[in-house]
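Visitor: Listed below are the residues making up each chain.
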Amino acid sequence: AQSVAQPEDQVNVAEGNPLTVKCTYSVSGNPYLFWYVQYPNRGLQFLLKYITGDNLVKGSYGFEAEFNKSQTSFHLKKPSALVSDSALYFCAVTPGYSSASKIIFGSGTRLSIRP
Amino acid sequence: SAVISQKPSRDICQRGTSLTIQCQVDSQVTMMFWYRQQPGQSLTLIATANQGSEATYESGFVIDKFPISRPNLTFSTLTVSNMSPEDSSIYLCSVGDRVTLGVQYFGPGTRLTVL
Chain A
1 AQSVAQPEDQ VNVAEGNPLT VKCTYSVSGN PYLFWYVQYP NRGLQFLLKY ITGDNLVKGS
61 YGFEAEFNKS QTSFHLKKPS ALVSDSALYF CAVTPGYSSA SKIIFGSGTR LSIRP
Chain B
1 SAVISQKPSR DICQRGTSLT IQCQVDSQVT MMFWYRQQPG QSLTLIATAN QGSEATYESG
61 FVIDKFPISR PNLTFSTLTV SNMSPEDSSI YLCSVGDRVT LGVQYFGPGT RLTVL
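Top line first, the protein sequences correspond to chains A and B.
All letters in the first sequence, in the order written, are residues 1 to 115 by the numbering used here.
All letters in the second sequence, in the order written, are residues 1 to 115 by the numbering used here.
Isolated chain A (complex conformation) (with noise of 0.2 Å):
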């Protein structure tokens, strides 16, 4: 079964300090793979992606995540924290090109970025 785990329910970095959260997949393939960010009482904002080529990709508000194909991890990682970064993050996966482009989404992970 494809899957997407985010094994740290919160995460909490002082600010200016280097972060990171941690996302491992299950899919079979070459998956596309997602990050996503929640502030409160709004929808989700796409924050970066990886299908192919660099390992390191670089995303909005600072973001970036390292695709690792033989960990099968994709750990989202900011050099030095806001306390605007303050969020609920999503990690996601699709399968690959497929005709249904179905997401699969892990189950989040509150970052709590103190002054």
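No lab work stands behind these hints: they were computed from the structure.
Small disclaimer: the values here were computed from a predicted structure and weren't measured.
Even for Gly, the Cβ is constructed at its ideal location relative to N, Cα and C.
Please note that the accuracy of each hint is not assured.
As the list claims (entries may be wrong) - Computed list of lysine-lysine pairs in DSSO-like fashion (alpha-carbon distance at most 27 Å, straight line):
#1 7/B - 77/A
#2 102/A - 22/A
#3 49/A - 77/A
#4 102/A - 7/B
#5 65/B - 7/B
#6 58/A - 69/A
Claimed, not checked - Which chain B residues face chain A? A few, computed with CB under 7 Å, are given here:
#7 63
#8 67
#9 92
#10 106
Stated by the list, open to error - Facing chain B, according to a computed beta carbon distance under 7 Å, are these residues of chain A, among others:
#11 20
#12 22
#13 25
#14 44
#15 94
#16 108
Place chain B on chain A using the hints.
Guide: What follows is chain B alone, placed relative to chain A:
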């Protein structure tokens, strides 16, 4: 990216009634999706709505309970029928297709409370 609006943004309904949620997109899109999300939790796909065909429902969701219309490429509705308190949730629509390479863009959500 597509801009998506939803109506209503929130509602409080009585048990046994029905509510229709509207989703409007500012551009023509092939695929629209309807999700349910408990606050702070992950997203559960209800159905995929393609223009000109019947919606495709995920396991655990049926057309009688969640009828969907997709009259054109910019609009869709989801009805939550014969509501019970267990239907209290956030309902999100999204759009995405091969043009967006799997990226989905989300509306702001409709927060439904059933008393």
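Visitor: Which hints, by number, does the structure contradict?
Guide: Hints 1, 7, 8, 11, 12 and 13 not satisfied by this model.
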